[in-house]
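Make a model of the complete structure from these sequences and hints.
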Amino acid sequence: MSKSPNRLLATVFGAVYLLVGLLGFTATSGIGFFDVKGGLLLGIFEVNVFHNVAHLLIGAALLIAGLSSIRASKSVNTTIGAAYLLLGIVGLFILNSAANILAINTADNVLHFGSAVILLGVGLGADKAVRAHAAA
Amino acid sequence: MSVITRSWLSFAAIGAGVIHLALVISSPLAVGIPLTVFGLAELTWGVLILVKDRLLVPRLAQAGALAPVLLWSLLTVTATLLAAPQIASSLRFVPMGIAALFELFIATILSVILRRRSSDGPAARAPKAPGAVRYLAAVIVAGVLVGGLTTPALAATQAGSVAMEHGGTMGGMMDMNMPGMGH
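From first to last, the protein sequence lines stand for chains A and B. Mapping to this note's numbering: the first sequence position 4 is 1, numbers consecutive. With the second sequence counted from 1, adding 6 to any position gets you this note's numbering.
Accuracy of the hints is not assured; some may be wrong.
[Stated by the list, open to error] Pairs of lysine to any residue, SDA-like flavour, derived with a Cα cap of 25 Å: (1) A:LYS0 - A:LEU19; (2) A:LYS125 - B:LEU61; (3) B:LYS134 - B:ARG123; (4) B:LYS58 - B:ALA69; (5) A:LYS0 - B:VAL53; (6) A:LYS125 - B:LYS134; (7) B:LYS58 - A:ALA69; (8) A:LYS34 - B:ALA162; (9) B:LYS58 - B:ALA144; (10) B:LYS134 - B:MET7; (11) A:LYS0 - A:ARG68; (12) A:LYS0 - B:ARG140; (13) B:LYS134 - B:ALA69; (14) A:LYS34 - A:ALA96; (15) A:LYS0 - A:ALA58; (16) A:LYS125 - B:VAL75; (17) A:LYS0 - A:LEU64; (18) A:LYS125 - B:LEU49; (19) A:LYS125 - B:ALA69; (20) B:LYS58 - B:VAL139; (21) A:LYS0 - B:ARG123; (22) A:LYS125 - B:ALA144; (23) B:LYS58 - B:SER96; (24) A:LYS125 - B:ALA162; (25) B:LYS58 - B:ARG123; (26) A:LYS125 - B:SER8; (27) A:LYS34 - A:VAL17; (28) A:LYS0 - B:ARG12; (29) A:LYS0 - B:ALA113; (30) A:LYS34 - B:GLY154; (31) A:LYS0 - A:ILE61; (32) A:LYS125 - B:PRO133; (33) A:LYS125 - B:ARG12; (34) B:LYS134 - B:VAL147; (35) B:LYS58 - B:VAL150; (36) A:LYS125 - B:GLY154; (37) A:LYS0 - A:LEU20; (38) B:LYS58 - A:LEU82.
Worth flagging that the hints you see were computed from the coordinates, not collected in a lab. Just so we're clear, the structure is a prediction, and the values are computed from it rather than from any experiment.
Following this line, the structure appears as structure tokens:
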């Protein structure tokens, strides 16, 4: 696994997102599932219950893919990266609006955009040689 | 060229492309069309150099990276000389400045690569592939930098600032005083 950037990234990001999803519940007591105003995780990132559940699902998907195979981790990294890119852009336009059902703030947008670039970059760019080698 | 360099170029191109496309919304047609072309070209090139595993059209990409910076400078100088700030007012400083940083980075790296290619010749050996941990560390640093620079740039576009200033009011449309509507 340590030779595949995709598996390594999916496993590390999966574990981090699972941890963030669990920690998020410490910041969302008394906050509704879709509340547009959430609690602050680590004093920076705004989250509500829906946001925590999304983190848990994304973390689980990444971790399972990372522990499974290169092909699975490559697909999941690319898919979640593309989804985060979309969310990073859409997130800018829904801040402070009723459509902000994930309680996104600016720090979340930075994190989403950064995650998108990393996941997409590794998903699209890495592990080609490994795959060709395995197929040979 | 190593996969790390290609990833950094790709991320910078994607960052610049997204910023240019976000600026289209607030721009007049004459500025919006070139911005759309630049934004789409940067996004496409950024994704393709990762997917295709090689540097595509490096000389064209170098010229394409410098073109928006030169056009922005030209517009700003023209606006200053003619005392007509509205000519360049749609191109806000923060997003254009950050996009220019990305473009100058791309142009500089491409210059170094092209110079090396011309001095080493076509028989130059491909660099050794980096280890997974080194590659990931480099990609994560680039991702954090691009994310940290692109988000404030997008927030400083008119589209982003209107959305934040007038949240919950249809992006500000509901706050407008309409002439002849009884105000």
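Consistency of the hints with the structure:
1. A:LYS0 - A:LEU19: The hint is violated at about 29 Å.
2. A:LYS125 - B:LEU61: Distance of about 15 Å is within 25 Å: holds.
3. B:LYS134 - B:ARG123: holds (16 Å)
4. B:LYS58 - B:ALA69: The given pair, whose Cα atoms are some 21 Å apart, holds under the 25 Å limit.
5. A:LYS0 - B:VAL53: holds (23 Å)
6. A:LYS125 - B:LYS134: holds (14 Å)
7. B:LYS58 - A:ALA69: Distance ~20 Å between B:LYS58 and A:ALA69 Cα, so the pair holds.
8. A:LYS34 - B:ALA162: Holds. A:LYS34 to B:ALA162 sits at ~22 Å (cutoff 25 Å).
9. B:LYS58 - B:ALA144: holds (20 Å)
10. B:LYS134 - B:MET7: Since the Cα atoms of B:LYS134 and B:MET7 sit roughly 9 Å apart, the hinted pair holds (cutoff 25 Å).
11. A:LYS0 - A:ARG68: Roughly 14 Å between the alpha carbons, so the hint for A:LYS0 and A:ARG68 holds.
12. A:LYS0 - B:ARG140: holds (11 Å)
13. B:LYS134 - B:ALA69: Answer violated: B:LYS134 to B:ALA69 is near 29 Å, above 25 Å.
14. A:LYS34 - A:ALA96: The given pair, whose Cα atoms are some 11 Å apart, holds under the 25 Å limit.
15. A:LYS0 - A:ALA58: OK: A:LYS0 and A:ALA58 at ~20 Å, within 25 Å.
16. A:LYS125 - B:VAL75: violated (34 Å)
17. A:LYS0 - A:LEU64: holds (13 Å)
18. A:LYS125 - B:LEU49: holds (21 Å)
19. A:LYS125 - B:ALA69: Roughly 29 Å separates the two Cα atoms, so the pair is violated.
20. B:LYS58 - B:VAL139: Roughly 22 Å between the alpha carbons, so the hint for B:LYS58 and B:VAL139 holds.
21. A:LYS0 - B:ARG123: violated (29 Å)
22. A:LYS125 - B:ALA144: holds (18 Å)
23. B:LYS58 - B:SER96: violated (35 Å)
24. A:LYS125 - B:ALA162: Between A:LYS125 and B:ALA162 the Cα gap is close to 38 Å, so the pair fails against 25 Å, i.e. violated.
25. B:LYS58 - B:ARG123: holds (19 Å)
26. A:LYS125 - B:SER8: holds (14 Å)
27. A:LYS34 - A:VAL17: holds (18 Å)
28. A:LYS0 - B:ARG12: holds (19 Å)
29. A:LYS0 - B:ALA113: violated (32 Å)
30. A:LYS34 - B:GLY154: holds (23 Å)
31. A:LYS0 - A:ILE61: holds (17 Å)
32. A:LYS125 - B:PRO133: holds (16 Å)
33. A:LYS125 - B:ARG12: Given pair A:LYS125, B:ARG12 holds - Cα atoms ~14 Å apart, limit 25 Å.
34. B:LYS134 - B:VAL147: holds (21 Å)
35. B:LYS58 - B:VAL150: OK: B:LYS58 and B:VAL150 at ~24 Å, within 25 Å.
36. A:LYS125 - B:GLY154: violated (28 Å)
37. A:LYS0 - A:LEU20: violated (30 Å)
38. B:LYS58 - A:LEU82: The hint holds at about 21 Å.
The structure fails to meet hints 1, 13, 16, 19, 21, 23, 24, 29, 36, 37 from the earlier list, while all remaining hints are met.
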